[in-house]
Amino acid sequence: MKKIGIFGLALRNLRRKLVRTVILLVTVAVVTGTLLGATAFITGMRNALKIGTYRLGADVLVVPEKNEAQAKSALLAGEPTTFYMDRSILEKVQKIEGVKKATAQLFIKPTSFTCCYNVDAFLIAFDPATDFTITPWLEKRLKKPLADDEIVTGSSLPVIAGDTLPFFGTPFTVAGTMEPTGMKFFDQSVFMTMKAAYEMAANSKTKSMQPLELQKDSISAVLVQVQEGFTPERAAIRIEHDVDGVKAIASDEVISTVRRQLGGLLKGIVAISLIVWILALLMMGFAFYMIVNERQRELGLLRAMGARRDQIFGLIMTEAMFLSLAGGVTGIAVGSGLLYTFKDLIMRGLKLPYLLPSVFVLLELVAGALLFAILTGVLSSLLPAAAASRMEPYEAIRKGE
Amino acid sequence: MGSELRKDMPVLQVTDLSKDYMIDDQRLKAVDNVSFTADRGEMISIVGHSGSGKTTLLSLIGGLTKPDRGRVLIDGTDLWALDDRKRSELRSRRVSFIYQFSSLIPTLTALENIILPTTFGDFSADVEQYARELLGIVGLEDKARSYPSHLSGGQQRRIAIARAFINNPEIVLADEPTGDLDEETEQQIIALFKRMNGEKKVTFIIVTHNREIADRTSRQMRMSNGVLVAQEQGNHL
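Order-wise, the sequence lines are chains A and B. Just so you know, the first sequence maps onto residues 1 to 401 in this note's numbering. Just so you know, the second sequence maps onto residues 1 to 237 in this note's numbering.
Among the hints, a few may not be true.
Mimicking SDA-like on lysine to any residue, the simulated pairs with C-alpha atoms at most 20 angstroms apart in a straight line are [what the hints assert, rightly or not]:
1) A:K399 with B:K86
2) B:K86 with A:F313
3) A:K399 with B:I23
4) A:K17 with B:P148
5) B:K66 with A:E395
6) B:K29 with A:E395
7) B:K66 with A:E392
8) B:K66 with A:R390
9) B:K86 with A:E392
10) A:K17 with B:K86
If the Cβ cut is set under 10 angstroms, some of the chain B residues that face chain A in the computed set are [said to hold, decoys possible]:
11) K66
12) W80
13) L108
14) I115
15) V127
For the record, the hints were derived by calculation from the structure and aren't laboratory data. By construction, the Cβ of each residue, glycine as well, lies at the ideal position given by its N, Cα and C atoms.
My request is simple: use the sequences and hints to build the entire structure.
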């Protein structure tokens, strides 16, 4: 048998009052789980926002003035919508100083009769000739241009390549599916060419129970890429000034809108996390004061056996560290499980974009949460451990009697 | 200082040792100007009424509480001139305590309790064999894996005594080591002390109310109100 060691002694001490140890462990687990959940949510939302705005691929989105709210709702919450403006807007926008590229898109909200799925699909038609937003990643995914009888679907739609989907009476072949972005606007969308959309509308009069009223020169939005030296905000102001009846939404504005939406939620999450943490710190600190107090004589005896002050300090800290580590690991396991299980449910309720962070980022968050758990243990036991180490051995033995 | 000289000198020198306590704004002299020396292998008993300062004196000698005045020299080293770390190390290697109360750690087995002091000092990694030997000496070799809660008061005291010898101390400070024990166990413990004293030349300083134990020590000292009032070699003060 080797020496007991400070670690072995600390473990035995923790086993002594198992109920108290379990309560403290659960406390750390709740704190760590809350922290991991909060950071994973925040990171996931930011992730979705980043990828979503990147996927949008445009610096400015021009929509009819009266439909600004619908456009933002479509972008941020993926709410399917339909609104139109005249194609001449595209030509006007293309001529404005600072506009490098401009392309039109059509947003079509399918009726319930047109699709057999429960998911709210959102049709987005683009012009392959001028498009600079969707085509690059469609080509990357499909390796060929999208035909007029083909569609590409977002990751949330339960279809696979080769399936046939009818919209307004016109069947389309699924050419491929997209990777998830966390934004419903993309994940629940069905992409088709502008030509296909017009033909679908024309054919709907005879093929569909609910025809699609779409004029040949109608578009829903103009997507703009600005020239170097121009900011999206500046270009947006110029567009609104030069073109009547439109609202130009800069991509930064989209992000700031989401940030505003997230702001309240984040404050709530941070406040709750902080309260939980402070409560845990107080609870653990109190528990360790109790531990030190009830073990006064024992600690005095250890000193009488030759234990140094730093060894007594180390003993209490080891107990706290072990509790924190075990609680942290438990919190991370349970927190991750709950987050993964209820992710969709929560995000549906929040109506905010969310994309699960990558494994690497998740590992970073887990490591961060674990460090935080250890910090909780260290901070809560620092003063009791210092007090224990400073006790005069004789007084400790006498008071503990 | 050479080892020859060290063997000749007293293992313990206590000089003008004093410790006061403030109780209700009144200064109480717990230990008042106590001086004595102890030779290697000597067995000394300290007797006196409750509150006469015996336990405080023992704690001062063992470096558990700081004296207000005076010096404690163990093998010529001034205990209170050392910093806490060095004093702890000295305690770990040269001094052991035995208490009247149950001083075993409840979460450790008898064997682990005996080994425990080696956690805090520089001892050889495998101390089990010696711990088992000590268990044999105190007659509890079959209780190695027993926890204190499964041992009688007398057995617990014997484990504590075995633990006091794991570090091969030069001085054992025992505070009422047979208090609360039946006569048979008391006799076993006294015999144990005698054996350790004889075999290992350990110096014992035993605080006791027990006349029989005091009679069996080589020197008796009596304390009253913190003052060492009498010393006598052999039996009876």
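So, going through the hints one by one against the coordinates:
no.: 1; hint: A:K399 with B:K86; verdict: 25 angstroms, violated
no.: 2; hint: B:K86 with A:F313; verdict: 17 angstroms, holds
no.: 3; hint: A:K399 with B:I23; verdict: 15 angstroms, holds
no.: 4; hint: A:K17 with B:P148; verdict: 16 angstroms, holds
no.: 5; hint: B:K66 with A:E395; verdict: 11 angstroms, holds
no.: 6; hint: B:K29 with A:E395; verdict: 16 angstroms, holds
no.: 7; hint: B:K66 with A:E392; verdict: 9 angstroms, holds
no.: 8; hint: B:K66 with A:R390; verdict: 13 angstroms, holds
no.: 9; hint: B:K86 with A:E392; verdict: 15 angstroms, holds
no.: 10; hint: A:K17 with B:K86; verdict: 34 angstroms, violated
no.: 11; hint: K66; verdict: 7 angstroms, holds
no.: 12; hint: W80; verdict: 13 angstroms, violated
no.: 13; hint: L108; verdict: 6 angstroms, holds
no.: 14; hint: I115; verdict: 6 angstroms, holds
no.: 15; hint: V127; verdict: 7 angstroms, holds
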